[in-house]
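These protein sequence lines are chains E and H, in that order. Residue 1 is where the first sequence starts when you use full-length UniProt numbering, and the numbers rise one by one after that. Residue 1 is where the second sequence starts when you use full-length UniProt numbering, and the numbers rise one by one after that.
The hints are simulated quantities; they were obtained by calculation from the structure and are not laboratory data. Honestly, I wouldn't trust all of these hints.
Copies of the same chain are indistinguishable here, so a pair counts whether it falls within one copy or spans any two.
[Unchecked claim] Below, in silico cross-link-like pairs of lysine-lysine (DSS-like), each with a Cα-Cα straight-line distance of 27 angstroms or less:
1. LYS9 to LYS74
2. LYS99 to LYS36
3. LYS131 to LYS9
4. LYS99 to LYS9
5. LYS99 to LYS191
6. LYS99 to LYS131
7. LYS188 to LYS9
8. LYS9 to LYS36
9. LYS99 to LYS188
10. LYS188 to LYS74
11. LYS131 to LYS36
From a predicted model like this one, the values you see are computed outputs, not experimental measurements.
There are 2 protein chains.
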Amino acid sequence: MPRSQQQPKQLGLTRMLDQTDERLSQQLAFLTEIDKLKSVLRATTLCDGSRRENTGEHSWHIAMYALILAEHAKSPVNIDRVIKMLLIHDIVEIDAGDKPIHGSHDIAEMEAIEQAAADRIFGLLPEDQRKELRALWEEFEAAESDDAIFAKSVDRVQPVIANLETGGDSWLEYNVSRQQLEDRVGWKVAKGAPALWQHLQARIRNWFGARAE
Amino acid sequence: MPRSQQQPKQLGLTRMLDQTDERLSQQLAFLTEIDKLKSVLRATTLCDGSRRENTGEHSWHIAMYALILAEHAKSPVNIDRVIKMLLIHDIVEIDAGDKPIHGSHDIAEMEAIEQAAADRIFGLLPEDQRKELRALWEEFEAAESDDAIFAKSVDRVQPVIANLETGGDSWLEYNVSRQQLEDRVGWKVAKGAPALWQHLQARIRNWFGARAE
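The shape of chain E in the complex, shown without the other chains (with noise of 0.2 angstroms):
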């Protein structure tokens, strides 16, 4: 080959090498701003009652959830999306904190400050990816698709159980009623998992029938 064709060759695999470096340093950076998700502290405690919740590892938990418990979903889902979809969908909270479904916000508030978090956070990766995840998450946030419904039955169901399991912690706190639970939660998870919010109303009963006495 001649040296004139050479040089071109070389310059390419020079632009290819720095385009793969900016590329990881951005993800990097977006990698390591996520980290902080694991010091956002929800209203839920563990199930053992030990201490509050974070989001990174409610994260984790509920992609778990979305894994095992699939086949429940009231609409045939992509369990692959869902699972990207709940790893993602807490990211804002690095900026907006946690909101717990049984407290009050101004909800225009809320959105508008959630839309900044994901320009922000969502702005640290290469653009193809920040689009990708970006619409991953707006989908979430709308609650729409098959996908996205059942995301949110699987997010919203996870704290009933750790109430469940710890004796109403974050119910208590909140003073929760039964009424209050189907309101704001029973017909979320039911929306998208019937048989799952069928199969915990007999431990829901007693957990507020106790209460009642």
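Start from chain E and add chain H according to the hints.
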């Protein structure tokens, strides 16, 4: 439809509902059991050095690592399988505890403990899921398939980055030399994701170089 045909159908439906309830009981027992992974502490600290990382949040973080870094895998991987593998890869630590990569262990004894842990914990699931997750975990442990080799790379590189971010928290604690880092960590990262290990060389050189002065 004559009555004589309705009865078996109703019986069939009852049996189906019973089976769903039985599966859900087993699945929720498993999901509650693995909550304990959030209380298993690792040698590595969070990137801000504030506390030790637990294995639940670590499992989330490396699933995110795999998702974001998949393009750098040495051989093409099925990223959905890799993510599932990483979500479950450390579940045995509920019984076996974490074994720091820079610590010293009786490998045969550790393997026996982990096998017993896998028997017990995956054994909580319905048989089909028990077999599927056990096989995926065994594949990770064997570190022979392309998916497992990449999963191992990701599992090994995350503590390196936490050390670079914190100024070497667990490297100092375990008195790690640059050679030991290469022997126990580097070649495993490079085997599954060579560009990733290459990319980190400058930062690693700087850290160990500053200590040698």
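Hints, verified against the model:
1. LYS9 to LYS74: between (54 angstroms within a copy, 22 angstroms between copies)
2. LYS99 to LYS36: both (16 angstroms within a copy, 24 angstroms between copies)
3. LYS131 to LYS9: Result: close neither inside a copy nor across copies, 31 angstroms intra and 50 angstroms inter.
4. LYS99 to LYS9: neither (53 angstroms within a copy, 46 angstroms between copies)
5. LYS99 to LYS191: For LYS99 and LYS191, only the intra-copy Cα distance (21 angstroms) is at most 27 angstroms; the inter-copy one is 42 angstroms.
6. LYS99 to LYS131: Within. Shortest intra-copy distance 25 angstroms satisfies the 27 angstroms Cα cut-off; inter-copy 38 angstroms does not.
7. LYS188 to LYS9: For LYS188 and LYS9, the Cα distance exceeds 27 angstroms both inside one copy (56 angstroms) and across copies (31 angstroms).
8. LYS9 to LYS36: neither (42 angstroms within a copy, 54 angstroms between copies)
9. LYS99 to LYS188: within (17 angstroms within a copy, 40 angstroms between copies)
10. LYS188 to LYS74: within (12 angstroms within a copy, 42 angstroms between copies)
11. LYS131 to LYS36: within (22 angstroms within a copy, 35 angstroms between copies)
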